[in-house]
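One line per chain: the protein sequences are H and G, in this order. The numbering used here numbers the first residue of the first sequence as 360 and each following residue consecutively. The numbering used here numbers the first residue of the second sequence as 2 and each following residue consecutively.
If you're looking for bench data, these hints aren't it; they were derived computationally from the structure. Hints are supplied without guarantee of correctness; some may be wrong.
[As the list claims (entries may be wrong)] Heads up, incomplete: computed chain G residues facing chain H, CB under 10 angstroms, no partners named:
{"#": "1", "residue": "Q37"}
{"#": "2", "residue": "P39"}
{"#": "3", "residue": "Q241"}
{"#": "4", "residue": "C472"}
{"#": "5", "residue": "C491"}
Please read these numbers as outputs of a predicted model, since none were measured by experiment. Where a beta carbon is used, it is the ideal one built from N, C-alpha and C, also for glycine.
One-letter residues, chain by chain:
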Amino acid sequence: MLTYTIRRLMLAIPTLFFISLIIFLLLDLAPGDPMSQVPLTVPPEVKAKMREALGADQPMVVRYALWLKQFFVVEPSHILDNLLGTDLAQGSQRILSWQSRSPVADTIAERLPQTLTVIGSSYLIGVLIALPIGIYSAYRQYSWFDQLGTFIAMIGFSVPTFFTGVLLIVIFSVNLHWFPSIYDTTLKVTDLASFGRQVRQMAMPVAVLSLYNAAQISRYMRSSMLDNLTQDYVRTARAKGLTERVVVLKHVLRNSLIPVVTVIALGIPTIFAGAIITEQVFKVNGLGALLINAIYANDIPMVQTLTFIFAVLIVLFNLVADIVYGMLDPRIRYD
Amino acid sequence: MKLKTALMGAVAAFALAPAAYAERGSDGQLNIIYWQAPSILNPYLSSGTKDVESASLVLEPLAGFNEKGEVIARLVTEVPTVENGGVSADLTSITWKLIPGLLWSDGTPVTAADAVFTAQYCMDPAGGCAQLARYEGVKTVEAVDDLTVKITFTGPKPNPYQAFVGATSPLLQAAQFKDCLGAKAPECTAANFGPIGTGPFVVTEFKTNDSIQYAANPNYRDPMKPAFATVNFKGGGDAQAAARAVLETGEFDYAWNLQLAPDVLAGMAAAGKGHVINAFGTLVERIEMNMTDPDPALAEGERSTVKHPHPILSDIRVREALSKAIDRNLLVEVGYGPAGRATCNLVPAPELFASDNTGCIAQDMAGAKALLDEAGWVPGADGVREKDGRRLRLLYQTSTNAVRQDFQALIKGWWNELGVEVELKNIDASVFFGGDPGSPDTFQKFYADVEMYANNFDGTDPEPYLAQYTCAKAPGPESQWQGENINRFCDPAYDALVAELGQTGEMAKRGELARKMNDMLTKDSFVVVPLVDRGRNSGQAESLGGVILNTWDSELWNVSDWFRVK
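With these hints in hand, go ahead and build the complete structure from the sequences.
Structure representation (structure tokens):
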């Protein structure tokens, strides 16, 4: 297992290098200009000077090399400086966003807690809802519960989040006034009242996202349970006189969870990518909203850094999923 | 009767008293929502209008524009003019006198050295200052004494109200930005995100592309203002969500730039929590005619350049016919409602510069058809006109925007009726307005026959705007496709008028010249076909008082006067 892990990690390095090059090339070749949102009243000569000051008009190779150096050398030394109080970075230039002229890492760090809170909790709630639904749907296959579960899963999967989001806003915010329609990103939870407000403003975005996540995971859980419920060892367990509860929740569930856990692990990077559309609809200041905003403004350093971080997380969690699978299932042996 | 009047007067005074005698900070929190989130609070490094406007709560220029377009004093004792001696008789210098005792929000005094520094900051060649055009023609800025700033220009400047006038050119504190000159400007994140200013509010928290928190400035020059103690400035989302937050749910008090269809806005305003305010400026939605040939068969680098005149649109009769076939009033009704007016002028305002040109507003399909017949374009078998074996076919492009696509559909219908075959194209705004020389879809490259978008000019003087249409400013491969003469219009008589306008100081003569130039581009040549004079739409809550929509400066220009209606 250890050699396998090390080999995978070694392979990840050229993979990630290749991914970063592809992302950079795609962004560079795509049409669009960081000056597109600057009003037309600004003359083109001034825009040319602005582009020069950003460093946007340098050749592609120079910019890519500079980004590599900044991402792998300068930024980690800044992080170490913050943690250990050293001075490794020595004031070297960091990756700056073209929109806000501030370091990209600072903005990402500012938005990370919000993303984890809203998107993370919606993923958790989605998983917690999906597992019981999947288990019971499989156990009572073709019952009304199963049909209802299938129907809701289909809707959750097919109806886009920008539709469900806006629908929820219109119903619960505009008509019923139960929840706010704009997310207050400066709310600090200090007492029960502010906690209540935080829960109220999180209710709608979390509901939208957990429906989407639960739809997927419940289907995986259901099919995995169905696979296992027809196995011989289940018949043996029942014959031995074990209660249904023990048979299903102890024996079958544990075996069924193996593929589902790997699916869940593979889905964790999506938490960080944020739910781009949901964050836009509810004005949550998460990483997804940051990414889409940067794409619209052609803020290449921000888009490049964010997408590369997501790529790293996806590669990492792919490895984690494989290792977890190997740990849970004794039949799997890596070497 | 007298007693009754006196009592009514007393009651009225009592009702007005809270508004008149509101103390600083007595009205609690003001909530503003901009659907484009501000990314930086330094207008000199801004990437869009939203940054300038959010900064205008903190940073102030020496003078600004009011809603009528008049220059008003903000940090100075009076607006310098030739009459009061503030502007030299030969128009080469202007002297501003600061109000004595003016303080920055951190308590230090405002001096002329701050103005000198600000000019140096923006004019630094490595700074990439976004508002460099405001400092064009400035030779020196000197501090005659602590409270007097003298700007000397390289030549006579009939309109000296550019530098330090308007929200795009505010005063920066020299002490705060002293280490941020030139290439170091982007490194001063703390200063860029929390500038110290003289405005009614100070920044307490800034989250880029998300929200800004302000508090009342304790050192603001008027001790009774601002009425609000804090401001919550939220950014992000889209125009519809912003309109909903003000007009339907009442979560916010003010929403900027609600570019929505008139019926959508009317439906939301019906809830009664807020209303839409609009005002007109100089923004004109227009169709630009390409005077050069964008044929893809031509070599790259020769397409849409003056080397090849347009085979169809070089004939003025065709251009006039295309303009005549459009029903501008219907376009306004469909797209903008009360926030738009049909116009035939490139420069619709201020009044001095607006030509009395209304001949194009009424649709005249018969006249248009007659013109095309006269020009030799005869309808073929399928209804599309032909001449010398060439079909009258046009590619019509614009940016992706619901209202613009509605306009395209309507205009295509009218032109089809005229016998013109029209192909429609729309391009994402970030590409269309980007200016990327490698992209074939920018509005400067103009690889189409006609294109539609809106443009306006800064401030109240149209000289730089009209000067865009000189022969030298046509975009082409030599200039990396940068250039403002999008139509590639070239008329030596026009260039001569541009030069003359640059030398003319007298306002009446300037107005006459500008009107003549406007006519040369519109009704005399139909190179620019104006459609709609677009006003600005913003939403405000019923409980918010003191708002006056100003299209000549920042919309938040008088936020210190806003109060909560009791």
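Let's test the interface hint: is any C-beta of chain H closer than 10 angstroms to that of C472 (chain G)?
16 angstroms, violated
Can the hint on C491 (chain G) be confirmed by a CB-to-CB distance to chain H that is less than 10 angstroms?
C491 (chain G) check fails; min Cβ-Cβ to chain H is 18 angstroms, beyond 10 angstroms.
Just to be careful: measuring from the Cβ of Q241 (chain G) to every Cβ in chain H, is the smallest value less than 10 angstroms?
9 angstroms, holds
Any CB of chain H closer than 10 angstroms to the CB of Q37 (chain G)?
Interface hint status for Q37 (chain G): holds (8 angstroms vs cutoff 10 angstroms).
Under the criterion of a CB-CB separation shorter than 10 angstroms, is P39 (chain G) in contact with chain H as hinted?
9 angstroms, holds
Violated hints, listed in ascending order, are 4, 5; each of the other numbered hints is respected by the structure.
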